[in-house]
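Under this note's numbering, the sequence shown has 17 at position 17, and the numbering climbs by one with no breaks.
A couple of the hints might just be wrong.
Listed next, the in silico DMTMM-like pairs over lysine to aspartate or glutamate satisfying Cα-Cα at most 20 angstroms (straight line) [unchecked claim]: (1) Lys225 <-> Asp128; (2) Lys114 <-> Glu125; (3) Lys38 <-> Glu196; (4) Lys114 <-> Asp170; (5) Lys186 <-> Asp128; (6) Lys31 <-> Asp296; (7) Lys186 <-> Asp170.
In short, the hints are calculated from the structure, not lab data.
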Amino acid sequence: MSSSNNFVRPTTPPKYFGLDIDGTFHAFDAKAFEKNRKAFRKMMEAGYVPFCCTGMLRLIVSYVCLGRPLLGTYGVLEELYSDGVYKGFPGVYQNGAAVYNEHGDLINAVTFDKAFLRRFCAIIEEHDLRELAVFISGSCVYTLSEESECWDHIIGIWDLDVKTECVSADRIVDAGIIQIILWNYKKCAPYLLFTEGEDFVIKHGACGLSDINPPGVTKARGIAKLLECQGVNVSDCGFIGDGSNDIEAMQASNMSFAVGNASDEVKSHAKYVLEETNEEGAFAKAISLLYGITVD
Numbered sequence: 001m002s003s004s005n006n007f008v009r010p011t012t013p014p015k016y017f018g019l020d021i022d023g024t025f026h027a028f029d030a031k032a033f034e035k036n037r038k039a040f041r042k043m044m045e046a047g048y049v050p051f052c053c054t055g056m057l058r059l060i061v062s063y064v065c066l067g068r069p070l071l072g073t074y075g076v077l078e079e080l081y082s083d084g085v086y087k088g089f090p091g092v093y094q095n096g097a098a099v100y101n102e103h104g105d106l107i108n109a110v111t112f113d114k115a116f117l118r119r120f121c122a123i124i125e126e127h128d129l130r131e132l133a134v135f136i137s138g139s140c141v142y143t144l145s146e147e148s149e150c151w152d153h154i155i156g157i158w159d160l161d162v163k164t165e166c167v168s169a170d171r172i173v174d175a176g177i178i179q180i181i182l183w184n185y186k187k188c189a190p191y192l193l194f195t196e197g198e199d200f201v202i203k204h205g206a207c208g209l210s211d212i213n214p215p216g217v218t219k220a221r222g223i224a225k226l227l228e229c230q231g232v233n234v235s236d237c238g239f240i241g242d243g244s245n246d247i248e249a250m251q252a253s254n255m256s257f258a259v260g261n262a263s264d265e266v267k268s269h270a271k272y273v274l275e276e277t278n279e280e281g282a283f284a285k286a287i288s289l290l291y292g293i294t295v296d
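Work out the full structure, taking the sequences as your base and the hints as a guide.
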């Protein structure tokens, strides 16, 4: 870990650059967010390949970054989507469980074992925890209850209008689930008698939400899967993030940045730490340092 004040621009910056969305690229401050958007566009115009690398579902990111859904497709930057320059792919989603190539093809999807899902759903139902869990495939969000405290919390954070589908446990088992989100994990934990690392991996977010993915899933592995067809190693890909689910990617990348609002633990895994937070245009600052690309 080193301060960005000590950063020396490499002679050949990385062609590929992965960026986390919430807490990193996205900003509620309109000026900062627009600055990040402009930096993204200028990167692409200069021939580099920035791509989303997030814990979110593609559909959800469309609301966060555009304020509206784009159904089967999505765009991080409204004007770039309209121009056909970037439509959300290439991209790494749901903490690396879903990976799309530059053509929008799903080239890797890591789903939960059906036996695990069956046991998980049985526990949730037996202990009346239905409102605390949502189950996500590559394109849909499912619940075991018409009312979902977990989903209400998510849509409250992002002001979403994405609908969930209440289904049976059998339907969830067969739905190709790649991510489970829990609200109030501490309440659920005593009943989830699984082995972390063998049955699932979990990342706890700052908003009281916990992401559960199949074992072995990380953003770093998702990036590696994305880049292997290009003959590029994950170490040669730039990265910026703020959360615990960004740690593996920060460790793998030789040019990784932590934004100023990241925790000290997360910062310790990045190669460089920015003073700027996401609300101060940290992404644009990183791009300026690494590529010499500046925006007003």
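Hints, one by one, checked against the model:
For the given pair, Lys225 sits about 38 angstroms from Asp128 by alpha-carbon distance, which is inconsistent with the 20 angstroms threshold. With a CA separation close to 16 angstroms, the supplied pair Lys114 and Glu125 stays within the 20 angstroms bound. With a CA separation close to 40 angstroms, the supplied pair Lys38 and Glu196 exceeds the 20 angstroms bound. Taking the CA atoms of Lys114 and Asp170, the gap is near 10 angstroms; set against the 20 angstroms cutoff, the hint holds.
Pair hint Lys186 plus Asp128 holds up; C-alpha atoms about 14 angstroms apart against a cutoff of 20 angstroms. Note on Lys31 and Asp296: the hinted pairing holds, with a Cα-Cα distance of about 10 angstroms set against a maximum of 20 angstroms. Among the hinted pairs, Lys186 with Asp170 is inconsistent with the structure: their alpha-carbon atoms are about 26 angstroms apart, more than 20 angstroms.
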